[in-house]
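Novice: Sequence:
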Amino acid sequence: MAERPVPPESSDLQLEARPTTDGVQIANDAERELIAAAAAGNMGAFAQLVAAHRARVLQVAYGVLGSGQEAEDVAQEVFIKAWRNLPHYHLRGSLASWLYRITVNTAIDVLRKSRDERALDEQHAALQGRERTSSAPASPETMVLRQDEQQRVREAVAALPTNARVTLILREYEQLSYKEIAEALDIPIGTVMSRLHYARNWLRQYLADMEGDADAQT
629 MAERPVPPES SDLQLEARPT TDGVQIANDA ERELIAAAAA GNMGAFAQLV AAHRARVLQV
689 AYGVLGSGQE AEDVAQEVFI KAWRNLPHYH LRGSLASWLY RITVNTAIDV LRKSRDERAL
749 DEQHAALQGR ERTSSAPASP ETMVLRQDEQ QRVREAVAAL PTNARVTLIL REYEQLSYKE
809 IAEALDIPIG TVMSRLHYAR NWLRQYLADM EGDADAQT
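The sequence shown runs 629 to 846 under this note's numbering.
Wrong hints could be hidden among the right ones.
[As the list claims (entries may be wrong)] Here are the simulated distance ranges between beta carbons:
hint: 1; residue 1: Gln697; residue 2: Thr790; range: 12 to 22 Å
hint: 2; residue 1: Pro715; residue 2: Tyr826; range: 13 to 23 Å
hint: 3; residue 1: Tyr826; residue 2: His716; range: 26 to 36 Å
hint: 4; residue 1: Lys741; residue 2: Glu839; range: 32 to 42 Å
[What the hints assert, rightly or not] With a Cα cut of at most 25 Å, we get these calculated DMTMM-like pairs of lysine to aspartate or glutamate:
hint: 5; residue 1: Lys741; residue 2: Asp814
hint: 6; residue 1: Lys741; residue 2: Glu698
hint: 7; residue 1: Lys709; residue 2: Asp657
hint: 8; residue 1: Lys741; residue 2: Glu705
No wet-lab data here; the hints were simulated from the structure. Note that the Cβ used here is the ideal one computed from N, Cα and C, for glycine as well.
Based on the sequences and whatever the hints tell you, model everything.
Specialist: Listed below in structure tokens is the structure:
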């Protein structure tokens, strides 16, 4: 069977380097129609699916890799894989979960090929999605303390083992349910819960150790 052509890198399908939160929301019925049309080779329908899901795909890839350029490359590869495999998707589970699974697997493959740690500030930007800011201007002292705390959290999350970090990202930053995470990672719900339990305990201990080291130096 001839391979489906790769979608052109047109303005409709071009992915952004930084994750955004303004993805188009498609109703389930409308999305199923678009999936069917895209599976039949309709690139216009596929472009609409890309527009609806690219922001969250980018965010997950960005959170795993900590690099804007690598996240963009992974997202582009994810949608190429999705285009080629859409005829075999058959609406098993949600499209979002299917895309998450492709994204996580692709990002982890990249991570295994390149173990170099990326800039923590860049990774934090992806994980946070958006900064929580106060309506009142903070004092310089408060800003310093806040930045110091954020730095410690960035280091702690970046140091988590990959499986635990990915699960934590999907739960805390993407706000997925345990069931959605299980679908996305193709693991039992019990494994999702155990990974989250491990990640939270690990982060708590890691931050406590960092706090102790900071106190010892003062």
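Novice: Take the hints in turn and mark each one as holding or not.
Specialist: Here's how the hints hold up against the structure:
no., hint, result
1, Gln697 to Thr790: 12 to 22 Å, "19 Å, holds"
2, Pro715 to Tyr826: 13 to 23 Å, "38 Å, violated"
3, Tyr826 to His716: 26 to 36 Å, "34 Å, holds"
4, Lys741 to Glu839: 32 to 42 Å, "35 Å, holds"
5, Lys741 to Asp814, "22 Å, holds"
6, Lys741 to Glu698, "12 Å, holds"
7, Lys709 to Asp657, "23 Å, holds"
8, Lys741 to Glu705, "16 Å, holds"
Against the hints set out earlier in the document, a violation occurs for number 2 only.
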